[in-house]
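Student: Spelled out, the chains give:
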Amino acid sequence: MSLVAEAFMNQLAAAEPWPENAALYQQLKEDQILLSDNASSLAVQAFLQMCNLPVRVVCRANAEYMSPSGKVPFIHVGNQVVSELGPIVQFVKAKGHSLSDGLDEVQKAEMKAYMELVNNMLLTAELYLQWCDDVTVEEITHPRYGSPYPWPLNRILAYQKQWEIRRKMKAIGWAGKSLEQVLEDVDQCCQALSQRLGTQPYFFNKQPTELDALVFGHLFTILTTQLTTDELSEKVKNYGNLTAFCRRIEQQYFEGHDKDNSGTAAPRSAKRSLLR
Amino acid sequence: MAAPMELSCWGGDWGLPSLHPESLTVMAYAKFSGAPLTVNTINNSWRTPKGDVPVLISEDIVISQPAKILNFLRKQKYNADYELSAKQGADTLAYIALLEEKLLPALLHTFWVEAENYCSVTKPWFASRIPFPLSLYLPGKMSREALNRILLTKGGPPLYSLSEVEAQIYRDAKECLNLLSKRLGTSQFFFGNTPTTLDAFVFGFLAPVYKVCFPRVQLQEHLKQLPNLCRFCDDILTCYFRLTVSGHSPSGQDTADANLQKLTQLVNKESNLIEKIRLSLFLCRWMTTFVRVHSTPLES
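Protein chains in written order, with our numbering: chain G, 1 to 276; chain W, 1 to 300.
You may find that some hints are simply not true.
[To be verified] Below, computed lysine to any residue pairings styled on SDA-like, alpha-carbon distance capped at 20 Å:
#1 LYS154/W - LEU123/G
#2 LYS182/W - GLN107/G
#3 LYS182/W - LYS29/G
#4 LYS71/G - PHE91/G
#5 LYS29/G - PHE91/G
#6 LYS170/G - LEU283/W
#7 LYS237/G - GLN188/G
#8 LYS168/G - LYS182/W
#9 LYS154/W - LEU127/G
FYI, nobody ran anything at the bench for these hints, they're computed from the structure. From a predicted model like this one, the values you see are computed outputs, not experimental measurements.
Please model the entire structure based on the sequences and the hints provided.
Tutor: Now the structure itself:
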């Protein structure tokens with residue numbers, strides 16, 4: 001949006017404190033949501049938990065269409081609706097909560113670069129696996145994506161989304177990649193994250209930041225989602241410090257919410273099956 | 001002992017060895033790592049490859065994308081990163097992702113989508129280096145692909161018009177330049193005193209923005225306010241490309257080529273139909289005299 005509109009929105013955001021009834025919308029958890037959307041949603045939930053801002057998760061079949069940008073998750077706070085992690089971080093910052101204030105300029109640049117790395121490689125690999133790998137598309141994605149709708153709408157919507165994603169993959173040059181190359185890219189990305197994390201508890205030593213939330217969202221979802229093969233989660237499991245990182249964040253920020261049955265995503269590391 | 005390696009890429013102008021960011025990245029990395037590459041710039045002959053530039057050919061192996069070419073060079077023991085720690089290697093990947101996500105759309109837009117830039121600079125330049133029938137089609141195709149990529153990756157809701165997308169991508173690019181400037185600080189290269197892969201990528205993306213003279217230059221103006229990045233580009237150009245910059249202007253620029261270039265520029269600038277008809281008549285007359293002079297007479 002234009003600079004004026006953004007400034008106006010920040011002004012509106014700063015005017016009110018965080019309400020008690022903030023809601024985060026995503027697709028239906030058991031039947032409909034896909035790997036990439038689940039990862040994004042979990043990242044936002046982790047971020048809000050780290051900021052100590054209460055939010056309840058609401059599952060709706062048409063969450064994607066309700067969202068102002070067409071992507072889930074989105075949050076409904078007061079009378080404003082904001083979607084995707086980047087804008088949500090800025091919105092929360094306008095309300096006076098920020099996780100990255102203690103970082104200096106060079107560290108902030110590094111944080112933004114690593115967030116782009118995760119979006120560029122991990123998220124794109126997840127999308128590739130879901131929509132361009134024929135086996136996964138046939139067995140998991142199509143049945144799940146259209147599950148709330150009757151035939152033939154479920155098939156039409158699934159094909160439409162698949163066509164859209166494949167167009168995007170072609171434009172960025174991923175259409176020509178094979179599954180092995182994609183998995184190799186995931187491995188490279190995990191190696192970079194693992195080397196950056198080292199033995200520290202969080203990426204920027206003592207305090208978690210939005211980068212930690214984003215990495216947690218993606219890695220935890222990859223580790224706990226059952227697909228047609230285990231190759232993707234094996235790539236992540238190769239790096240012990242990353243699995244320890246996920247477990248640590250899960251214990252610290254999601255443990256107390258087991259009883260909440262509008263559901264934070266998979267608080268236990270038991271495998272949730274996405275296979276029908 | 002290593003097999004001879006040939007790189008086919010787009011040529012250069014305005015003091016740069018190449019105008020194409022990916023070609024420039026590979027050339028810079030080859031200089032940093034000391035790899036002996038023979039660089040063949042794409043000229044008007046039919047033999048040079050057109051799709052998927054830059055292309056590295058070594059014996060029978062043909063490799064086409066910058067990341068893969070750099071991997072191949074590393075396997076041949078031309079490694080510019082051997083002094084980096086693991087964390088610095090990870091930072092390299094992250095910053096390259098940042099460049100591709102935030103800077104590349106604006107770079108593509110400046111070169112291929114912004115109408116004034118495309119018509120007066122990019123299209124004539126590329127068209128003059130591609131043989132005749134393809135030169136009418138290929139620049140247009142590259143422009144459409146660039147616009148497609150920008151719209152598909154950055155153009156979803158809530159940005160509904162092209163001008164909103166443009167505003168967003170330029171804002172992202174300026175923020176990316178600021179971040180790079182903060183990261184570079186006062187050091188000579190990104191990781192100390194020797195250039196590495198990251199320096200090659202940053203140079204490849206920044207140098208075209210810095211040097212090419214466009215009519216619409218908002219990104220260049222922003223870059224010029226970041227003196228450490230300008231100094232970074234100039235340093236690499238003088239230290240690593242000094243020997244080839246002066247010798248890089250194509251030696252065989254014959255008059256026909258120059259005329260064709262001038263004519264294409266004229267056609268693009270003037271949108272007057274009568275002018276176009278007049279020009280095309282001149283072209284036909286010129287070509288028929290050319291053909292008549294050079295064809296052998298049928299009667300003995």
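Student: Now, for every hint given, state plainly whether the structure supports it.
Tutor: Going down the list of hints, with the structure as the test:
1. LYS154/W - LEU123/G: Roughly 15 Å separates the two Cα atoms, so the pair holds.
2. LYS182/W - GLN107/G: holds, 10 Å
3. LYS182/W - LYS29/G: Since the Cα atoms of LYS182/W and LYS29/G sit roughly 42 Å apart, the hinted pair is violated (cutoff 20 Å).
4. LYS71/G - PHE91/G: Distance of about 17 Å is within 20 Å: holds.
5. LYS29/G - PHE91/G: At roughly 25 Å apart (the allowed maximum being 20 Å), PHE91/G and LYS29/G break the hint.
6. LYS170/G - LEU283/W: Given pair LYS170/G, LEU283/W is violated - Cα atoms ~39 Å apart, limit 20 Å.
7. LYS237/G - GLN188/G: holds, 13 Å
8. LYS168/G - LYS182/W: The given pair, whose Cα atoms are some 32 Å apart, is violated under the 20 Å limit.
9. LYS154/W - LEU127/G: holds, 16 Å
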